[in-house]
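> Residue-level listing of the chains:
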Amino acid sequence: MSETILIRGARVLGGAAQDVLISGETVTAVGADLEAPGATVVEAGGHILLPGLVDLHTHLREPGREDSETVLTGTRAAASGGYTAVHAMANTFPVADTAGVVEQVWRLGRESGYCDVQPVGAVTVGLEGRQLAELGAMADSAAQVRVFSDDGKCVDDAVIMRRALEYVKAFGGVVAQHAQEPRLTEGAQMNEGTVSGELGLTGWPAVAEESIIARDVLLAAHVGSRVHICHLSTAGSVEIVRWAKSKGWDVTAEVTPHHLLLTDELVRSYDPVYKVNPPLRTEADVMALREALADGTIDCVATDHAPHPHEDKDCEWAAAAMGMVGLETALSVVQHTMVDTGLLDWAGVADRMSARPAAIGRLEGHGRPIAAGEPANLVLLDPAYRGVVNPAGFASRSRNTPYEGRELPGRVVATFLRGRATVMDGKLT
Amino acid sequence: MKRHLISAADLTRDDALLILDTAEEMARVADRPIKKLPTLRGRTVVNLFFEDSTRTRISFEAAAKRLSADVINFSAKGSSVSKGESLKDTALTLEAMGADAVVIRHHSSGAPHRLATSEWINASVVNAGDGTHEHPTQALLDAFTMRRHLSGVGRDLEGRRVTVVGDILHSRVARSNVLLLTTLGARVTLVAPPTLLPIGVEKWPCEVSYDLDAVLAKSDAVMMLRVQRERMNAAYFPTEREYARRYGLDGQRMAALPEHAIVMHPGPMNRGMEITAEVADSPRCTAVEQVANGVSTRMAVLYLLLGGSEPAISTDRSDSARTEESK
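Line by line, the protein sequences give chains S and E. Under the numbering used here, the first residue of the first sequence is numbered 1, with each subsequent residue one higher. Under the numbering used here, the first residue of the second sequence is numbered 1, with each subsequent residue one higher.
For reference, chain S alone in the conformation it holds in the complex:
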């Protein structure tokens, strides 16, 4: 089934308005005043056209916690947010630590049709940090896993981490580390600092993240492998990654949208919608993260989309689950914090939200330039739009957003997955 779509007057990567012609699954022409008789015409009206977004860090919850999200609802949320590929984290029930589970998730993604789902494999069996999972079997499976992570837990044993880093070199894999020294964060509830002291909530110190990152970049250098840092959240972590990159080591890092915008001051409300791991940090951290994303020290934005059912947030702080949904607000938050502030242009956004995450995940067909012959994975967005976040309108099954009631800029007008519109006129198809 090949359809022809003509996107007319789109500012490709924020440049001058151009027409983009899609035939079947491929972009076939980019230029001025393209003609395509019989094509479906999408009037872009000066909206921005970017390559479809790629998320390195998504919790789709299936199998096991279908009450909070499924592959179908999660990929619908992803498409709504402009994503054409997501990496599904391994902390499901059962854990994605075998070829069987990753293939199941991969297949569910294919069936959903809204967004490509690239499973992440667990580094250790059951995320227990003791025994390596069958990383090779997951790499060789139909899912072709390349990113391995115990996310939610840190691979804190230095020997296990070293072995994992070495082992994945055989198939071009990468270990994505959830950097959290466990002993320093026992019972931790929020960022350790002035606010935690006043609120009487157990602190999660920045050093618990930074010490693991320091160790792991050294390990990666020692064994000549690459390491990816999940949800980097502190100014100190930025300094360590910057130093590691200056050495030429193969280190990459991601930042979440919420760490680019929100601070631990919000915890004063004791509203668990702000409870997340790693925790919201300080204003100084937020500014350092924005700067690092702008200068490329931090490679990409990853959502850490973490859906939770209402009851897991409708309670006292300590009893609440950690995490926030993010797929449907990520692009708006990045526009607000990075583009509207002048730190990053739209080509930069395409790099940090599509090209680089696809490269880190060794994901083919995504994060490509918008040019003739490239796969038609695209997102069209209206940067002039201003709207108040209303979770009732989310495609995600969960509503745990920290942005409810907040005005954010930008709106996804259309998303194309290999030439098929998954979102059109701001609505899922």
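Derived by calculation from the structure, the hints in this document are not laboratory data. It is possible that some hints are incorrect.
A few chain S residues that don't get close to chain E, going by computed Cβ distances all over 10 Å [as the list claims (entries may be wrong)]:
| hint | residue |
| --- | --- |
| 1 | Trp249 |
| 2 | Gly348 |
| 3 | Arg362 |
| 4 | Arg399 |
Covered by chain E, per the in silico footprint, the following chain S stretches (three or more residues, Cβ under 8 Å) [claimed, not checked]:
| hint | stretch |
| --- | --- |
| 5 | 194 to 203 |
| 6 | 304 to 315 |
From the three backbone atoms N, C-alpha and C, an ideal C-beta is built for every residue, glycine too.
Dock chain E against the given chain S, drawing on the hints supplied.
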């Protein structure tokens, strides 16, 4: 005054003085043959205790009963809460039973704040201690006690020097006291080993010292906090003996205090740990007096949150009762 009492920071200087002055009136009731006022007749106060705390619970219970309120004690142990019922469902249940005030003690910091702001219930919420956050009525009764000894009824604590010693990191008593005593004009110094001070304490409105002996001579009141022996297992200090030597108050240290200074303790005391028996049993120690003052102070809090603006103790009892019924 606000509708709830969650944090000592909720109280302005005038609010705090109003509570303390009202508590003085309430204290006079304790001297009567019949220790009871009709003020809260027909009102329901629920003591919702998720943590064992016999002394705080009975203090609130006595306070509510002396104001003629109906009191329901809800202890989480052996109740539906231990079977996994959420705070929200417990709150909805209390609301359905017509609670006018919920006095809550919870192991999780912020739980009373959540109860007051979540729109689960309409009742006034009184924080009776939440996790390692706050315990505002303890601070009020401490201020009440200090005022009687150090500055006089009707006054604030302007210029008085209060030293709080012990496990500041885990102490809700310390947090509430720093806030309230500062509001009342006192100068607070916290003394603890560095391990038992929270990160960011330098931004609190108080002084901090690691050296108890250096501050004793400059203290009008010394408040010794309970230090749990188990803390040494998490390496907060090496041994009980070392803690007692460096931060415990014994007779020798007490002698270094100014003549008029008092020794306070919120209880329960760890004799031999933060305080020796000699000090605990000395006339300078106000621990028992604090317990009595706790009832008066909590009566004042419940009265002001629930009773409204008319005088707490009417000269005409029947008139006061009628006013209550017409609400």
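> Please go over all the hints and tell whether each is borne out by the structure.
Going through the hints against the structure:
1. Listed as a non-interface residue, S:Trp249 keeps its Cβ farther than 10 Å from every Cβ of chain E; the least gap is roughly 31 Å.
2. With a cut of 10 Å on Cβ distances, S:Gly348 stays outside the contact zone with chain E, its closest approach being about 35 Å.
3. Once the 10 Å rule is applied to beta carbons, S:Arg362 is consistent with being away from chain E; the minimum gap is 40 Å.
4. A cut-off of 10 Å between C-beta atoms confirms that S:Arg399 is not in contact with chain E; the least separation is 16 Å.
5. Residues of the stretch 194 to 203 of chain S with a Cβ under 8 Å from some Cβ of chain E number 10, which satisfies the need for three, so the listed coverage holds.
6. Taking a C-beta to C-beta cut-off of 8 Å, the stretch 304 to 315 of chain S contributes 3 residues in contact with chain E, enough for the three needed, and the coverage statement holds.
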